[in-house]
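Engineer: Residues per chain, in single letters:
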Amino acid sequence: MKCEREQQVIHATRNGLWTSSLRAHLRDCALCTDTELIAASLKESAATLPRQIELPPAGLIWRRAQTRGRVDGLRRATRRPFLIVGVLSGLYAVVLLLWGLLQLPQSVSRLLITPPGLNGNVALAGAALSGILVIVGSCVLALETRR
Amino acid sequence: MEEETFHALYAATAKPLWAYIARVSGRPDVANDLVQETYCRFLTSKIADRELAETKPYLFRIATNLLRDRWRSGEDARWSEPAETGFERDLDTQIDVRDLMQQLKPRERQLLWLAYVEGMTHSEIAKSTGLRSMSVRIVLLRARRKAAELLARKERAVHEV
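Quick mapping for you: the protein sequence lines, in order, are chains G and H.
All letters in the first sequence, in the order written, are residues 1 to 147 by the working numbering.
All letters in the second sequence, in the order written, are residues 148 to 308 by the working numbering.
Hints were generated in silico from the structure; no laboratory data involved.
Keep in mind that this is a model prediction, so the values were computed, not measured.
Note that beta-carbon positions come from the ideal geometry of N, C-alpha and C, so glycine has one too.
Any given hint might turn out to be false.
[Stated by the list, open to error] Not close to chain H: a few residues of chain G, all C-beta gaps over 10 Å, as computed: (1) I10; (2) L22; (3) R27; (4) L49; (5) G59; (6) T78; (7) R80; (8) L97; (9) L133; (10) V136.
[Said to hold, decoys possible] Okay, the calculated beta carbon distance ranges per label pair: (11) G59(G) / A200(H): 23 to 31 Å; (12) D180(H) / A40(G): 44 to 52 Å; (13) V95(G) / D176(H): 55 to 63 Å; (14) S130(G) / D176(H): 49 to 57 Å; (15) L17(G) / D216(H): 33 to 41 Å; (16) E44(G) / D176(H): 17 to 25 Å.
[To be verified] Chain H residues, not near chain G, derived (Cβ > 10 Å throughout): (17) E150; (18) H154; (19) P204; (20) Y205; (21) L213; (22) P253; (23) R254; (24) T268; (25) R292; (26) E307.
Construct all of the structure, not just a fragment, from the sequences and the given hints.
Structural biologist: Structure, rendered in structure tokens:
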């Protein structure tokens, strides 16, 4: 159910500019009578509001938006480099770990048999450990970047 | 957007936007917060340089989304509202529009306000709410019927008294 003149009734209620034909139409159209009733009530309700409004100053919102814009811009600008560094460190860690794994069985056996040979394998063990740390670090970095 | 242009836009749109949020949420404090957030989001978006005619529905869209987010996160009880402070009762007609709005669903309140107070067309309401024009027509028809019924009932009650 729709009346072609409904929009005119809404505008007339908002502006107070009623034509005689629209007034006459309002008497005959139940739909537009409802529309006028609702629009008038809501308009009256809206008219009571401005007295209570304490809007924040536009300048304050402007400055806040500028600050937020700068923070967002910085976040966007640093997001990609952080992501690239994270991915590269992840790749480095994987390669290092694979290399370490290939070397590890021999070194471990040597460690077990001849403890004095420990010095020679410290670098290898350190590399494996740093590889693990880099993996953990890059995971944390990637998670932080995503967040 | 230049700061002066924003000041002009703010002067032209802030009060209607505040009234919309206040009446739909039923809470002036929420309106104060959301008006600020709406303009901040608007200014940091790419749409900020468009014409006023295009800007207004977009501002209402941001505000509508923020209201919806509040309801979804449970910050406001979805269909019930706390008692308002600071709203005046309509003493002339004894018809309290606040009561009327409370009996409507948030979506219905939004559409009624945009249609009857802001004078938006169905397509403008669709832009402001993210609904399709057909859905706007259906929801608005239902809301109008419900509102007319409630208002007529209250008017009858006033006349009887």
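Engineer: It remains to establish, for every hint, whether it holds in the given structure.
Structural biologist: Status of each hint after checking the structure:
A beta-carbon of chain H is positioned within 10 Å of the beta-carbon of I10(G); the least distance is around 6 Å. Distance check for L22(G) against chain H: the nearest CB is about 15 Å away, which clears 10 Å, and the non-interface claim stands. Residue-level check passed: R27(G) sits 16 Å from the nearest beta carbon of chain H, beyond 10 Å. Its beta-carbon lying about 5 Å from the closest one in chain H, L49(G) breaks the requirement of being farther than 10 Å from that chain.
Not every Cβ of chain H is farther than 10 Å from the Cβ of G59(G); the closest lies at roughly 8 Å, contradicting the non-interface assignment. Listed as outside the interface, T78(G) is consistent with that label: its C-beta sits roughly 17 Å from the nearest C-beta of chain H, beyond the 10 Å cut-off. Interface exclusion of R80(G) from chain H stands, the closest Cβ pair being 19 Å apart, more than 10 Å. For L97(G), the non-interface assignment is confirmed: its Cβ lies about 42 Å from the closest Cβ of chain H, beyond the 10 Å cut-off.
No beta-carbon of chain H is positioned within 10 Å of the beta-carbon of L133(G); the least distance is around 38 Å. The Cβ of V136(G) sits about 33 Å from the closest Cβ of chain H, beyond the 10 Å cut-off, so the non-interface label holds. Between G59(G) and A200(H) the beta carbon distance is about 25 Å. The supplied range of 23 to 31 Å therefore holds. The supplied range of 44 to 52 Å is broken by D180(H) and A40(G), whose beta-carbon atoms lie about 30 Å from each other.
Against the hinted window of 55 to 63 Å, the Cβ-Cβ separation of V95(G) and D176(H) comes to about 57 Å, which satisfies the hint. Between S130(G) and D176(H) the C-beta distance comes to about 54 Å, which sits within the given range of 49 to 57 Å. For the hinted restraint 33 to 41 Å between L17(G) and D216(H), the CB-CB distance of approximately 39 Å keeps it satisfied. Judged by the Cβ atoms, the range 17 to 25 Å given for E44(G) and D176(H) holds: they are separated by roughly 23 Å.
With 10 Å as the threshold on Cβ separation, the claim that E150(H) sits away from chain G is violated: the shortest Cβ distance comes to roughly 5 Å. The Cβ of H154(H) does not lie farther than 10 Å from every Cβ of chain G; its closest approach is about 5 Å, which violates its non-interface assignment. Non-interface call for P204(H) relative to chain G: holds, since the shortest CB-CB distance, roughly 17 Å, exceeds 10 Å. Under the 10 Å C-beta cut-off, the non-interface status given to Y205(H) relative to chain G holds; the minimum distance is some 15 Å.
With a closest Cβ-Cβ approach of about 14 Å to chain G, L213(H) is found to remain outside the 10 Å limit, as its non-interface label requires. The Cβ of P253(H) lies farther than 10 Å from every Cβ of chain G, with a closest approach of about 15 Å, so its non-interface assignment holds. No beta-carbon of chain G is positioned within 10 Å of the beta-carbon of R254(H); the least distance is around 16 Å. The claim that T268(H) is not at the interface with chain G is violated, since a C-beta of that chain comes within 10 Å of its own (minimum 7 Å).
Consistency note on R292(H): stated as away from chain G, yet its beta-carbon is not over 10 Å from all of that chain's, at 8 Å minimum. For E307(H), the non-interface assignment is confirmed: its Cβ lies about 18 Å from the closest Cβ of chain G, beyond the 10 Å cut-off.
In terms of the numbered hints stated before, the structure departs from hints 1, 4, 5, 12, 17, 18, 24 and 25, listed from lowest to highest.
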